[in-house]
Structure formats: C-alpha cells, structure tokens
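K.L.:
Chain by chain, the residues:
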Amino acid sequence: MFVRSLLRISLLVCLAAVLLNGAVAQETLTVLCTPQEDWCVAQTQAFQEATGIQTSYVRLSSGEALARIRASAENPEFSVWWGGPADAFIAANEEGLLEDYDSEAAEAIPDTYKDLDANWVGVYVGALGFCSNVDVLEELGVEAPTSWEDLLAPELKGFVAMAHPATSGTAFTAFWTIVTLEADKLEAEEEGTGYDEEGSPTEAAVDNAFEYYAALHQNILQYTRSGSAPGSLAGQGEIAVAIIFSHDCVKLQQEGYEGILTTTFPEEGTGYEIGGMGIIKGAPELEAAKVWFDWALSKEAQEIGPTVNSLQLPTNPDAEVSPLAVKLGDILVVDYNFQAAGAHRIEITERFDAEIAPAPTE
Amino acid sequence: MQNVRARPSVGAQFRRILQDPILAVALVGSVIFVGLTIILPLLAMIGESVSTEGAVKFRDYLGSPVYQTIISNTLVMGVVVGAVGTLVGFLFAFVQVKLDVPFKRFMHVMALLPVISPPFAVATATIVLFGRSGMISRGIFGVRYDIYGLDGLTLALALSLFTVAYLNLKGMMEALDPALDEASANLGAGKLRTFFRVTLPMLIPGIASSFLLIFVESIADLGNPLVLGGNYEVLATRIYVSVIGLYDTTAAAVLSVILLVPSLTVFMVQRYWVSRASVVSVTGKPAGRPDTIKFAPVRWGLFGVVMFLCLLILLIYGTIFHGAFVNVPGVRNDFTLSHFDFVLNGIGAEAIQDTTLLSIVATPLAGLIGMVVAFLVVRKEFLGRQALDFGVMLGIAVPGTIIGIGYVLSFNGPITATLPILGEITLIPKLTGGQGLLGGALAIIIVYVIRSTPAALRTGAAALSQIDPAIEEASISLGADNARTFRRITLPLIRPAFLAGLIFAFARSMTTISAVVFLTTPQTKIMTQGILNEVENGRYGNAFAYCVILIGIVMVAIGIMYALVGSRTGAERRIEGGGQ
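Sequence lines, in order, name chains A and B.
Numbered per the numbering used here, the first sequence finishes at 362, counting up by one with no gaps.
Numbered per the numbering used here, the second sequence finishes at 942, counting up by one with no gaps.
Bear in mind the hints are in silico, worked out from the structure with no lab data behind them.
Mixed in with the good hints there might be a few duds.
Below, computed lysine-lysine pairings styled on DSS-like, alpha-carbon distance capped at 30 Å [unchecked claim]:
{"id": "1", "chain 1": "B", "residue 1": "K553", "chain 2": "B", "residue 2": "K466"}
{"id": "2", "chain 1": "A", "residue 1": "K290", "chain 2": "B", "residue 2": "K792"}
{"id": "3", "chain 1": "B", "residue 1": "K792", "chain 2": "A", "residue 2": "K281"}
Restraint-style ranges between C-beta atoms, simulated for each label pair [unchecked claim]:
{"id": "4", "chain 1": "A", "residue 1": "G141", "chain 2": "B", "residue 2": "G666", "range": "38 to 46 Å"}
{"id": "5", "chain 1": "B", "residue 1": "T431", "chain 2": "A", "residue 2": "E350", "range": "16 to 24 Å"}
{"id": "6", "chain 1": "B", "residue 1": "L745", "chain 2": "A", "residue 2": "E287", "range": "57 to 65 Å"}
{"id": "7", "chain 1": "B", "residue 1": "V505", "chain 2": "A", "residue 2": "T307", "range": "39 to 47 Å"}
C-beta atoms are modelled at their ideal positions from N, C-alpha and C, and glycine is treated no differently.
The whole structure should be built from the sequences, with the hints applied where relevant.
P.N.:
And the structure:
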C-alpha cells in the first residue's frame, strides 16, 4: 500500500538522521577556517590528535566567514575562527561577534601581533605581492610588475586577477594597502589631508583608492571568491599577474609551478596581513574553543603550516621559520592600520561590490 | 488525453476524490507539499524584495546602467545558449532518426552524458582545453584564446544543456507519421522542400519548447558563469556574491525577483508550446519506419558535424578523467593519485557520504511524489488541477539560487503558531543552518526533492496519458480500490517513466549546486560545494577527482535502480502477453 511505502520512507529518513547525528556523544569542536584547505585539514587533524577533541571545520574566505558569522549571530554554528586577515576580526568584534578570552598562552605572542582588547590574537603574518607567470609576461612584452602603477599597463588588459574584497581578506588587504599609500601621498602634499587626527586615512584617500581600482578594473579578468585563487590562474597561464599573498605564490611554486611563477613586490610598499584568531560569541563549544585557542598559539601548532607548504611567518617567536618564507624585514611594507581597516571594511566592500565589480570593461 | 467519453462535472469529481480517503490524502498532501516547500519560500523571497529597503534597491538596480548591462547580459546569454543548444539537440536528433549512419549508439550515449555531469566539470575542462594556455587552443593552435565571457559560456552551457532538446526533438521526430513525408513526395515536392514545408513546421512546437527550456536553465546557471564569466556579469553570480560576500538577503531577493520575471514568463510560454505540441505531433504510432536521407553530402555532412560534437564531448569528459590523475592538469601531466587522496582522506569523504545519503533519501520521495501528482493531474478532474501541476513545475522553473534564498528567508527560524489552549506550538522547526533540524540536512533533502519532482511528474504524466484509463477502470470494477489500482496497475504500467524519474532525480540531486549552495552547514557537507571550493581555488586536479567520484556514484546508482525497478512485474508480463 501507499501507507506502507510512506512508512518505509520515514524509516529511511530516521536512519539518515541517526547516521548524520552519529558522532554526537564525544566532545566536539567546529572551526571556521580561512586559510587554504590543506592547511585547515592538517591543523584540525593535528589538534584532534593532540587533544582527542573531535574537530571538524568549514573553510570560508574571510569576507564570507564574516558574513556567515553575522548571519548566524543568534545561533552560532562555529566556535572558533582561525586565520584570515585581522581586519575581518576587528570588524567582527566591532559588531560584538567575538567572545572575550584572556588567554595566558597569548603572552608568548609579541604585542604588535595581537589585540586582546579587541578579542583577537595573530597566528601568522604574511605580505602581499604580485605572483606572475613568466611565460605569459614575456609574450605580452612586459616585465614582472614592481609597482602598483605597473598593473595598469594597457598590455595587461584582461591579464590581471584578484579576489573580490567582499569575499576575500586578501583582496581587502590589497584595497587597504592602496588606501594607505594614497593617504601617504595626500599627507605628503598637505598635512592633515591624508590622515585624520586619530591616524585613520581620510575619505579623500579612500576615494583615491577607489579611483585606482576603477582603473585597475579595466585590466582584471575576473574577481575570484577566494584570495589565493588568482595565483592558480596565473600558474595555469590564464592570466599574467595575480595580486595575492606572497606566501601563497611560494606555495604554488612548491606544488608544481616552479619556474613558471615568480614573486615580486611593489616598490612603493606592500600591505601585509596578520592572520587572526578569535572565539565566536556564544560559541556552542566554548571550552573546546579555548583549548584550540591556546594550542594554536603554541610552537608546535605554528610549525604545521610549512608541512603543507603554507609558508606564512609564525607569530610565536619560538616557532621555526621555514627558509622559503618571505620575511617582512626584506621588503618594504606600508604602515597598515588594522584598526581603521576593520572599521571601514563593510562600507568599502559594499561600495566595491556596487561600483567596481559589476562595471563593464571597455 | 485521448479519452473522449463524457466525464462528470469537475465539482462532482472533486467531491468523489474527497470521499476516497487515500485519494484525499494524496491530494491534500500534494497541495501542502507544494505550498510549504515551493510557494512559501517564494513568497518569503518576494516579500523581502518589496520591503521598504527592497523597494529602494529595486529603483537603484533598474535605474543603474551597470545593472541594466547585467540584465541584458543575462538575457543575451539565455537566447544565445538556447539557440545553440537547441540547434545541437536538433542535429543529434535528426541524425539519430533520419539518417542511416554508423555509431548512432555512441552518439546517443554522448548526448545523454551531460545529464550526469557535475557542475563546473565542463566549464573547468573547457578552460584546460581552450583557455589562454589551453591544451588545444595554445598547445595545438598556438593562440592565447580568450574563452572568458559569452563565447566560453555558450560553449560550456550549450554542451551541458542540449540533452533536453535532443530527447524532446528525437521523440517528436520518431512520432512524426512518415506518411506525411510520402504524401509530400507524391505531390512532387523534393526532399528539401518536404523538410522545410512539412517536417520543420511540425517540429516547431518542439523546437520552441526546447529553446525556452534551455533559456530558463541557462539564465539560472551559477557554476559556469562563476568559472568562465570573466567580466561578463550575469544576475545569478550577482545574487551569489550578495549572499556569500555581503549576506545582503534583501539585495539578493531583489535581484532574484528581477531574474524570476524572465524565467517564469518564458516557462509559461513554454507550457503553452508544449500544449500545442501534443495537438500537432501525436498522431498515433507511425505507420512505418521513417524514410532515411540517402543524399550523400547531407548524410555525411551532418554525420561529420555530429561526430565532431561527440568527439568534443568525449574530449571534455576525457579531460576531466585525465585531469583527476595528473599533477597539475594542463601544466604538469605526470601521474598522481594525490587528488584522490586529498578528496577521500580530507573533507571529501564526509561530503561524499552526506551527499549520497541525502540523494538516496530524496530520490524515491521525488519519484513517488512525481507519480502521484501525475496520476492526480492526468486521471482526475478537480479544481486547481492545473495549479497543482504548475506548482510542482515551479520547483524547476524557479532558478536554484532563488529557491536557496527563499529557504534561508523562510526556514532560518522555527515557524510557530499560537493556539488558544495549547499556547505557542512549533509548526515547522528551524531547517536551515548548522542548528537546523538534522544539522540542516532536512532542508537539503527537501530542496533535492522539489528540484527533481518536476521531471518525474512530466515523464509520469506523459506515460499515463498514453495508457487507456479503461485498464484502471476495469481494476476498480473488479473491486480494487484506488490505492490498490495505482500500485498494482498504474505504477507497473508507468514503470519505465518511474525509473527515468528516479534516475533523473538521483543524478539531479547529486549534481545540484545553485539551490543548496546557501544551505550547506558544518554538519552537512555537499560534494558540489566541495567541487566549487576546489575550482574556485584553481586546484582543478582535486575538482576533477571529485567529479570522477561523483560520476562513478551516479553510474553505480543507475545500475542499482535498473536492477531494482527494472525487473518485470507480473501485471506487465500479462498485459504484454495479452496484447500479442
């Protein structure tokens, strides 16, 4: 009968429910993970082995992560958020989305890499760079870019890629780097025009940065969702230059694109990220999240990255630095104001999404 | 329906249905199903878009030249893909029915292959083959072809969607009575004249309906524009970024309504054409085998074109398979199993398990609901019969991203009602998000069901209208009730349609992305989401490994369904035996 098949189906549904919720009894942790997927795997597996806490993760780029945390603030799905530029953590904390946790383990981390008042601690550091495909560059007859202006060369039309600042922290870091450079320029012309009294870049600087990205838009092939994705596009020869974190470019070189990709840095100065970490407000697994928080600051945890070619610099001074890593001391970095970046983040990404990304190119 | 006997009035039939408890349950159940799973989310989405905030956004978007371009991009893509896809489907069908050439079986399989293709697979393989450093464009012809934009989208979408046109037109061409061609020839018309004056006009409803279906599917597609769009922005990707990047559900709802207008309009026009088609083309069984075309240039010319397309499809799927086993597809082609290791030992294992399990739960539900609604719609007369049919069909007519947003808006919290004595009770618990029922899995199952039911309904309705109701009436006269008749007589007779519905439902569930992309949760991981992550990060090898596993699961499942449902039942043997 009909009824019988309905019965059979409901039995199936129940079976599915049991299977899906099978692993409830154990202590668990759900990590919102922003770095590259393989690092997320390695990090959560190592944590699970070290503590016995059943750990799962979801990888979302930092803009997506922020949007998702905001959307589920009443009923958080994740307990701890690990990785991705600190600006996103600052933006989250401004909205009261991060839990207060004064971790003793954070004492090991230098003050420049943390802000416990803002509820985040840095777990790694890395600089932005240009990741170029040498063959494509040669064909187009251009040198690997060494300044932000170089990216506007007409030869590169359709041969540059970056991520969308709304979804990617990498792309937002790139945007804020230009804001900082424009503020410096304005400040050099006339004091007080680039930065306001609190040291945060002025509206004029932000407008100038939008002008730069409107010009760059003409050369952009497409805005990817995740920050490191343009690097693969460059490796495959689909574009010439990717604006990504330099450690992601080194990672690609280690994983099959050796001799194909080259990393360069803008001479005006480049931006950098402090990869943040914070506990989500109302975390369903608060205790486990704290265990993760402390563990992720340890020497052992910070040495996992290089095993999967994630060559960011550790924030724990005791952790060993891979010889392949790009050291901040070797390049010119801008004076990146993370606090101001975090405060402007939402307004800028919405404006970028409305004004720049959908605009047609000539 | 070929039944011309006098029927009782609609009202009387309606009362009769309600008197039969099982029929009443089926009818009321179907209506509630459509109302809760399709209409409610749609209304929630439309409600959000006409809120004060939404109304402002409507004006902004429709007034902005940037968004006007995006809207026109979307429509142009739909028209171009619709035209190319229909043409490809027509060519495949024509060669299959009207030409006597070798490799027809192979061509048929190639035409069906896209049904089980995961999203992103074709688009990604297209980049590996024809991108700026493509193995063919760059490797063989030495050009840096810019595939990103309308041209790449047309190639990938037309090759992914033409199957519907092929099946549609093949069926119509086979049903055309060859006597008409003969009559035309006897009256002195040449082959060409007969084709343009007799054959083609009769196929026009099928051509139009195929074009419109492909149009609707292509403007709803999310995967291809994400990968191949370049700076060719379309509405579906804008909706996606609004939700994923900004979590601006109002903006997403407004854009969804803008996308919904052409989708639904075209869908309704398509329904009209289909109703025309059944009048024009179904002339009963053909009187003989259709005459094949002997004229060599036409015969071998068309054969060449279709063979070329088949090889292109084979090449694309070959690239997917090859790419899953090499280090960096198209760049470093040395053999490796590391992609499978990544997928099977990383996040993928869980996604494979979850997706397969959810699809297994959704498939029989979709098949059964489809058949029940088909039975009600074809065999029974009642008020709102057309509305029920239309409601179920909305599950596929509405772009997936819109369904997803509708679900997020409707089911993100429990739906409660306050009753006089019981106080506040929960009618529907929270379904979406990590804290939703069954870790959000139920919402995904429901979406799978509503996305697959329309196909089951259409195949079921088509099969039912070919079966004389007298057989069922005989069963009832002999004392069986409606449910028993449905189970013992109707279901066995429409078994091939049921099987087709099941296969389609499973394949659709396993490969769907746009409708579930906003519904995956930490607890419930979906393979297509995994593929999206890998493609988005440019790790094509991992994405291809996922695709190969997904295609494998679908193939195995099809085999199992054939074994389970495909065995012949007693009723059918007897009927067939009696008919001969």
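K.L.:
Check each numbered hint from earlier against the structure, then list the numbers of those it violates in ascending order.
P.N.:
none
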